[in-house]
Amino acid sequence: MKYHAANGYAYKVTRNEKLRIAACCANKKNNKCNWHMYVVSCDGVEGSPFIIEELNNQHTCDGGFINVPHVSKKLISSLIKYDIKQNPKKKTKDIMEKIRREYVFDISRYYAYAGKRYALNMAWGEDEKSFAYLQWFTKQLSETNTGSRVVLETDASQKFVRLFIAFGACIRGFNYCRPLLFMDATHLKSKYLGHMMAATVLNRDNGIYPLAYAVVSSETDANWKWFMEQLREVVHIMGGVTGT
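Residues in the sequence shown are numbered from 1 upward in steps of one, following UniProt numbering.
Source of the hints: derived by calculation from the structure; they are not laboratory data. Bear in mind that the values here come from a model prediction, so they are computed numbers and not experimental data. Note that beta-carbon positions come from the ideal geometry of N, C-alpha and C, so glycine has one too. Watch out, some of these pointers could steer you wrong.
As the list claims (entries may be wrong) - Derived DEER-like restraints, expressed as beta-carbon distance ranges:
| id | residue 1 | residue 2 | range |
| --- | --- | --- | --- |
| 1 | 97 | 130 | 53 to 63 Å |
| 2 | 157 | 208 | 30 to 40 Å |
| 3 | 52 | 172 | 35 to 45 Å |
| 4 | 206 | 113 | 17 to 27 Å |
| 5 | 208 | 20 | 48 to 58 Å |
As the list claims (entries may be wrong) - The calculated lysine-lysine pairs, modelled on DSSO-like cross-linking and capped at a C-alpha distance of 30 Å, are:
| id | residue 1 | residue 2 |
| --- | --- | --- |
| 6 | 74 | 90 |
| 7 | 81 | 32 |
| 8 | 91 | 28 |
| 9 | 73 | 91 |
| 10 | 191 | 85 |
| 11 | 129 | 225 |
| 12 | 89 | 129 |
| 13 | 29 | 18 |
| 14 | 18 | 32 |
| 15 | 73 | 129 |
| 16 | 91 | 189 |
| 17 | 73 | 98 |
| 18 | 139 | 189 |
| 19 | 74 | 189 |
| 20 | 90 | 73 |
| 21 | 85 | 73 |
| 22 | 18 | 91 |
| 23 | 29 | 85 |
| 24 | 73 | 12 |
| 25 | 189 | 89 |
| 26 | 129 | 74 |
| 27 | 90 | 189 |
| 28 | 89 | 29 |
| 29 | 32 | 12 |
| 30 | 81 | 189 |
| 31 | 159 | 225 |
| 32 | 159 | 139 |
| 33 | 129 | 90 |
| 34 | 18 | 73 |
Turn these sequences into a full structure, and let the hints steer you where they fit.
So this is what it looks like as structure tokens:
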């Protein structure tokens, strides 16, 4: 995809199967260009990597497009996915400039943003699907972190409401910290916003030590009360503490 975008050649997929893919130059019929590629699954098993079995990498035509290929979010994502993985906060204007500089065609701000979102989803997963895994995540967290307190609340339709987590190791480590709690909340800037509440302490070297945190919809009295109730269970395990 990068090669064709950078060099101005379009291609056409002639076979797209689970175990083999074939492609030829888009100008094969009109200009008799014989560029083609054939790849197969190296293990003959669905999901295994592909290897190139046959490749004629010489074009005898002038190219499949003059100024710009067919632009889509998938195309832009394929051209910037490694950059986005290294820098998820890359700005759309920088993406537009990269495409212009390296691939010599212009894209709109819309496609720069859509391509970035698609690349982020491919690299880190979609936000919606992450919420769907919370039941599994909290169960695994409780089973693999002895002594943890994990509370996930959902509504009648299983929609996320709030989540509290205090790792068992952090609870045990508090015994070596100063018995004074600091609590605060901050805005979350993800797609679904919300607030994160946190309870921290100071260790013997005056470093910040995380004890517990929660994700809630907003910083309300009701959510603070709920957070304190969950934290009280953790403090009870430790035998009492002063808060501020």
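Hint check:
Between residue 97 and residue 130 the beta carbon distance is about 31 Å. The supplied range of 53 to 63 Å is therefore violated. For the pair residue 157 and residue 208, the beta carbons lie near 37 Å from each other, so the given range of 30 to 40 Å is met. The supplied range of 35 to 45 Å is broken by residue 52 and residue 172, whose beta-carbon atoms lie about 54 Å from each other. In this structure the supplied range 17 to 27 Å is violated for residue 206 paired with residue 113, their Cβ-Cβ distance being about 43 Å.
Taken as a hint, the range 48 to 58 Å holds for the pair residue 208 and residue 20, whose Cβ atoms sit roughly 55 Å apart. Taken as a hint, the residue 74 and residue 90 pair is honoured in the structure, with Cα atoms around 17 Å apart against an allowance of 30 Å. With a C-alpha separation of about 33 Å, the suggested pair residue 81 and residue 32 falls outside the 30 Å cut-off, and the hint is violated. Annotation: proposed proximity of residue 91 to residue 28 is violated, straight-line Cα distance about 38 Å (limit 30 Å).
Straight-line distance between C-alpha atoms of residue 73 and residue 91 comes to about 16 Å, which keeps the hinted pair within the 30 Å bound. With a C-alpha separation of about 18 Å, the suggested pairing of residue 191 with residue 85 holds against the 30 Å cut-off. With a C-alpha separation of about 29 Å, the suggested pair residue 129 and residue 225 falls inside the 30 Å cut-off, and the hint holds. Distance restraint check for residue 89 and residue 129: the Cα-Cα separation of roughly 21 Å lies within the 30 Å cut-off, and the hinted pair is therefore satisfied.
Our distance criterion of 30 Å between C-alpha atoms is met by residue 29 and residue 18, whose separation comes to about 26 Å. Annotation: proposed proximity of residue 18 to residue 32 holds, straight-line Cα distance about 28 Å (limit 30 Å). Distance restraint check for residue 73 and residue 129: the Cα-Cα separation of roughly 20 Å lies within the 30 Å cut-off, and the hinted pair is therefore satisfied. For the hint linking residue 91 to residue 189, the alpha-carbon distance of about 16 Å falls within 30 Å, and the restraint holds.
This hinted pair checks out: residue 73 and residue 98 have alpha carbons roughly 15 Å apart, not beyond 30 Å. The suggested pairing of residue 139 with residue 189 holds, with an alpha-carbon distance near 26 Å, which does not exceed 30 Å. Proposed proximity of residue 74 and residue 189 is supported: the alpha carbons are some 25 Å apart, at most 30 Å. With a C-alpha separation of about 16 Å, the suggested pairing of residue 90 with residue 73 holds against the 30 Å cut-off.
A C-alpha spacing of about 16 Å is found between residue 85 and residue 73, which places the hinted pair at or below 30 Å, so the restraint holds. For the hint linking residue 18 to residue 91, the alpha-carbon distance of about 36 Å lies beyond 30 Å, and the restraint is violated. For the given pair, residue 29 sits about 39 Å from residue 85 by alpha-carbon distance, which is inconsistent with the 30 Å threshold. The straight-line distance between the Cα atoms of residue 73 and residue 12 is roughly 18 Å, inside the 30 Å bound, and the hint therefore holds.
Our distance criterion of 30 Å between C-alpha atoms is met by residue 189 and residue 89, whose separation comes to about 12 Å. At roughly 19 Å between alpha-carbon atoms, residue 129 and residue 74 fall within 30 Å of each other, so this suggested pair holds. Pair hint residue 90 plus residue 189 holds up; C-alpha atoms about 16 Å apart against a cutoff of 30 Å. Of the supplied pair hints, the one linking residue 89 and residue 29 is violated, its CA atoms being roughly 43 Å apart against a limit of 30 Å.
About 14 Å separates the Cα atoms of residue 32 and residue 12, which keeps this hinted pair within 30 Å; it holds. Taking the CA atoms of residue 81 and residue 189, the gap is about 22 Å. The hint holds against a cut of 30 Å. The hinted pair formed by residue 159 and residue 225 meets the criterion: a straight-line CA distance of about 21 Å does not exceed 30 Å. Pair hint residue 159 plus residue 139 holds up; C-alpha atoms about 17 Å apart against a cutoff of 30 Å.
Taking the CA atoms of residue 129 and residue 90, the gap is near 23 Å; set against the 30 Å cutoff, the hint holds. At roughly 23 Å between alpha-carbon atoms, residue 18 and residue 73 fall within 30 Å of each other, so this suggested pair holds.
Going down the numbered hints, you'll see the structure goes against 1, 3, 4, 7, 8, 22, 23 and 28, while the others check out.
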